[in-house]
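K.L.:
Chains as they are written, first to last, in numbering that gives the first Met the number 0: chain R, 0 to 285; chain Z, 0 to 285.
Treat the hints with care, since some could be wrong.
One copy or any two copies: either way a pair holds, since identical chains are not told apart in the list.
Said to hold, decoys possible - Below, simulated DSS-like cross-link-like pairs (lysine-lysine); rule was C-alpha separation at most 25 Å, straight line:
id: 1; residue 1: K96; residue 2: K129
id: 2; residue 1: K267; residue 2: K129
id: 3; residue 1: K267; residue 2: K203
id: 4; residue 1: K54; residue 2: K240
id: 5; residue 1: K129; residue 2: K240
id: 6; residue 1: K54; residue 2: K203
id: 7; residue 1: K129; residue 2: K203
id: 8; residue 1: K129; residue 2: K54
It is worth saying that the hints were derived from the structure and are not from the lab.
Keep in mind that this is a model prediction, so the values were computed, not measured.
Protein chains: 2
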Amino acid sequence: MRNFSEDHSDLALNTATLGHLMEGCGAGWSPERIIDACAERGFGAIAWWRREIGKRGFEIGERTRSAGLEVSGLCRAPFLVGPLTPGGRQEVIDDFKLAIEIASDLGARCLTVCAGGVIEGSHSITESLKEVASIVADMAQYAESSGVRLAVEPLHPVYGASRSCLVTVRDAVNMCEDIAHPFVTIAVDVYHVWWDISLASELKRAGADRIAGYHLCDWLADTNDVLLDRGMMGDGVADLKAIRQAVENAGYSGYCEVEVFSVNNWWKRDPSEVLDVCVERFRTVC
Amino acid sequence: MRNFSEDHSDLALNTATLGHLMEGCGAGWSPERIIDACAERGFGAIAWWRREIGKRGFEIGERTRSAGLEVSGLCRAPFLVGPLTPGGRQEVIDDFKLAIEIASDLGARCLTVCAGGVIEGSHSITESLKEVASIVADMAQYAESSGVRLAVEPLHPVYGASRSCLVTVRDAVNMCEDIAHPFVTIAVDVYHVWWDISLASELKRAGADRIAGYHLCDWLADTNDVLLDRGMMGDGVADLKAIRQAVENAGYSGYCEVEVFSVNNWWKRDPSEVLDVCVERFRTVC
Numbered sequence: 000m001r002n003f004s005e006d007h008s009d010l011a012l013n014t015a016t017l018g019h020l021m022e023g024c025g026a027g028w029s030p031e032r033i034i035d036a037c038a039e040r041g042f043g044a045i046a047w048w049r050r051e052i053g054k055r056g057f058e059i060g061e062r063t064r065s066a067g068l069e070v071s072g073l074c075r076a077p078f079l080v081g082p083l084t085p086g087g088r089q090e091v092i093d094d095f096k097l098a099i100e101i102a103s104d105l106g107a108r109c110l111t112v113c114a115g116g117v118i119e120g121s122h123s124i125t126e127s128l129k130e131v132a133s134i135v136a137d138m139a140q141y142a143e144s145s146g147v148r149l150a151v152e153p154l155h156p157v158y159g160a161s162r163s164c165l166v167t168v169r170d171a172v173n174m175c176e177d178i179a180h181p182f183v184t185i186a187v188d189v190y191h192v193w194w195d196i197s198l199a200s201e202l203k204r205a206g207a208d209r210i211a212g213y214h215l216c217d218w219l220a221d222t223n224d225v226l227l228d229r230g231m232m233g234d235g236v237a238d239l240k241a242i243r244q245a246v247e248n249a250g251y252s253g254y255c256e257v258e259v260f261s262v263n264n265w266w267k268r269d270p271s272e273v274l275d276v277c278v279e280r281f282r283t284v285c
Numbered sequence: 000m001r002n003f004s005e006d007h008s009d010l011a012l013n014t015a016t017l018g019h020l021m022e023g024c025g026a027g028w029s030p031e032r033i034i035d036a037c038a039e040r041g042f043g044a045i046a047w048w049r050r051e052i053g054k055r056g057f058e059i060g061e062r063t064r065s066a067g068l069e070v071s072g073l074c075r076a077p078f079l080v081g082p083l084t085p086g087g088r089q090e091v092i093d094d095f096k097l098a099i100e101i102a103s104d105l106g107a108r109c110l111t112v113c114a115g116g117v118i119e120g121s122h123s124i125t126e127s128l129k130e131v132a133s134i135v136a137d138m139a140q141y142a143e144s145s146g147v148r149l150a151v152e153p154l155h156p157v158y159g160a161s162r163s164c165l166v167t168v169r170d171a172v173n174m175c176e177d178i179a180h181p182f183v184t185i186a187v188d189v190y191h192v193w194w195d196i197s198l199a200s201e202l203k204r205a206g207a208d209r210i211a212g213y214h215l216c217d218w219l220a221d222t223n224d225v226l227l228d229r230g231m232m233g234d235g236v237a238d239l240k241a242i243r244q245a246v247e248n249a250g251y252s253g254y255c256e257v258e259v260f261s262v263n264n265w266w267k268r269d270p271s272e273v274l275d276v277c278v279e280r281f282r283t284v285c
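This is chain R alone, in the form it adopts within the complex (with noise of 0.2 Å):
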């Protein structure tokens, strides 16, 4: 197990845990603001956002090269089944593409992929699934020309109806299995893992060359938001030293992504103080 307490270059941000540059959130923080702040702290590399960088994918990940990190990742591509896609299969075709398009213009590492929620009037996580391994093994050749690995990101349970009728990571390993595709991966984030015992044996069985991500935040236990409520590394209940152990036991050796979605705490405070706790808490308890 890699040892974080003096070295934090293994350290990335996705920059959703600085408020998104949303208004009111990350104190109106451009991207080049964000770029240099982690140059800065020794952060490695950075994951954006697509409503961050619209058109400037390319110039973007230029700026982040020139200061010495790496592009992580791109979130995200559309959700491909359920009550929160862009439209019909087409639409979410068309959409994926482009997600893929922009990460390559990026120079993404992955692309993280969000099934989306149970099939409208179907009733079925199971006929959902089937439609989501269905898209994603289409988009496999694209990803694969663009130099781009989708990381197909399994979110917590809480989230089946709406935005991911995948729900846990054996069943994302079980996709990525029957797809058997090079650029078809999985990410692995603690908010949605952090409650599955049988993640080590699951996450040994996908394998290094299947893990395409890993990202930190914590599950606070009087959370008041399944969505914007996050907490901090070490503000929660997540076995944080456990987690890494088993994606580092199953061969993972790649950046590990702060992500915190948290309105009404992180992304009101100033973005140079959260980038400090990032660093702090990334040395003392991941």
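Since chain R is already given, all that's left is putting chain Z on it; use the hints.
P.N.:
Positioned in the frame of chain R, the structure of chain Z alone reads:
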């Protein structure tokens, strides 16, 4: 699979569905009025909550039976570990014994047991589960001598931190197997398990003798509160027929108990209407 379309004698009411007799909920109905209303409509059983019956366990049990109904269960033992326990281990055991005694007075078929959340400061689901298993094992003999089966209920992973470190049927079945006592069984609740595509195989592993209850409701796609915004059967995304099929394929042939926590919808309605809807939905969509 049982056919309920013209026979709802296997339908039970969990009184939580009428708002726990709380101020402003359930139109102030008394236990007696609930019993009569269920009897009139041909329900087969009622499951009570401790808060509703106080020290009237024996009396309400007799009253339920004299109306031609059984007492399908009592909710519930105290949280065994985690932030919501009533105190240290001894307080938990004392209250657990009291709950068994009330269930025995009532003549309830089983007592629902919720594990409680992750032990504060432990950051460990696994350690918390061990303590839960230890307490349940300690209480098994007392339960048997009181004639009350313990129905350990895995809750949805969204409650992992606060209310239940036991979040999957798999882990509940493993706990039963480890304790290996005929009075230690599980309860299966649609709200908590609907997302789990391994449900059928895990229930088969449990077997009929280890399933003491089956609870009905639905998971609303646009739920606004994961504690008090449950849906009535048919209004959500759960595959109710498939879940019941899984429960019955495992050998379960007991009551199907409607348990809808819904502070802003069903709890505000006339209990007569709520009971009528329960019957209608049970016959058509469950």
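K.L.:
Taking 25 Å as the upper bound on the Cα-Cα distance, should K129 and K203 be classified as within, between, both, or neither?
P.N.:
Close inside one copy (24 Å) and across copies (24 Å); limit 25 Å.
K.L.:
Please work out whether the CA atoms of K129 and K240 approach to 25 Å or closer within one copy, between two copies, in both situations, or in neither?
P.N.:
between (34 Å within a copy, 20 Å between copies)
K.L.:
For the identical chains here, do K129 and K54 meet the 25 Å Cα criterion within one copy, between copies, both, or neither?
P.N.:
neither (32 Å within a copy, 52 Å between copies)
K.L.:
Given identical chains, is K267 near K203, meaning Cα to Cα at most 25 Å, within a copy, between copies, both, or neither?
P.N.:
neither (38 Å within a copy, 49 Å between copies)
K.L.:
As a check of your reading, is K96 near K129 (CA-CA no more than 25 Å) within one copy, between copies, both or neither?
P.N.:
Only inside one copy: K96 and K129 sit 20 Å apart there, 47 Å across copies, limit 25 Å.
K.L.:
Cα distance capped at 25 Å. Does K54 pair with K240 within a copy, between copies, both, or neither?
P.N.:
neither (38 Å within a copy, 47 Å between copies)
K.L.:
Can you tell me if K267 and K129 fall within 25 Å by alpha carbon in one copy, between copies, both or neither?
P.N.:
neither (40 Å within a copy, 39 Å between copies)
K.L.:
How do K54 and K203 come out at 25 Å by Cα distance, when the copy is not named: within, between, both, or neither?
P.N.:
Classified as neither; 38 Å inside a copy, 53 Å across copies.
Figure legend: structure checked against the earlier numbered hints; hints not met, in rising order: 2, 3, 4, 6, 8.
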